[in-house]
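Kindly produce the complete structure, drawing on both the sequences and the hints.
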Amino acid sequence: MSTDATQTPPPLAEEIDAMAEFIHHRLEPMKNPGLRRVLNPDSDESRTVRALSDTVTFIHANAKTAFRQGEPGNAKWPRFHLAKIAQQWNDHPEFRPEWNR
Numbered sequence: 001m002s003t004d005a006t007q008t009p010p011p012l013a014e015e016i017d018a019m020a021e022f023i024h025h026r027l028e029p030m031k032n033p034g035l036r037r038v039l040n041p042d043s044d045e046s047r048t049v050r051a052l053s054d055t056v057t058f059i060h061a062n063a064k065t066a067f068r069q070g071e072p073g074n075a076k077w078p079r080f081h082l083a084k085i086a087q088q089w090n091d092h093p094e095f096r097p098e099w100n101r
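Under this note's numbering, residue 101 is the last one in the sequence shown; the count climbs by one each step, no gaps.
All clues stand as given, with none of them false.
Think about it this way: if two alpha-carbon atoms lie no more than 16 Å apart in a straight line, the pair counts; the simulated EDC-like pairs of lysine to aspartate or glutamate are: (1) K31 - D44; (2) K84 - D17; (3) K76 - E98; (4) K76 - E15; (5) K31 - E21; (6) K64 - E14.
Source of the hints: derived by calculation from the structure; they are not laboratory data.
Below, the structure is given as C-alpha cells:
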C-alpha cells in the first residue's frame, strides 16, 4: 500500500473536526442575518436549527475531550453521531465519502 498522503485517511480527530465544521456551515445560513435566509427566532424551524447546532457542538466537545484525555477510542460514538448528521447532506460537494462508513 502506498504511503502517499492523498491515499491516507485523515486522523480521527481531524475527521471529527471536519464533520462538525461541515455541519455548522450547512446550518449557518439559517442562523445569521445577511446570509441566504433568516428565520423568525421564535419559529419551530429556528429552534430546531439552534438545537441541532448545540447538539453538534456538544458531540464535538465530547470527542475533543476523549482525545485530550488520551482515550481516542471514546470518540467512536461522537464520530458515529456526527457522521449520521452529516449524511443528511451527502449530495453536497464538500461531503466526504468516508463519512458514510
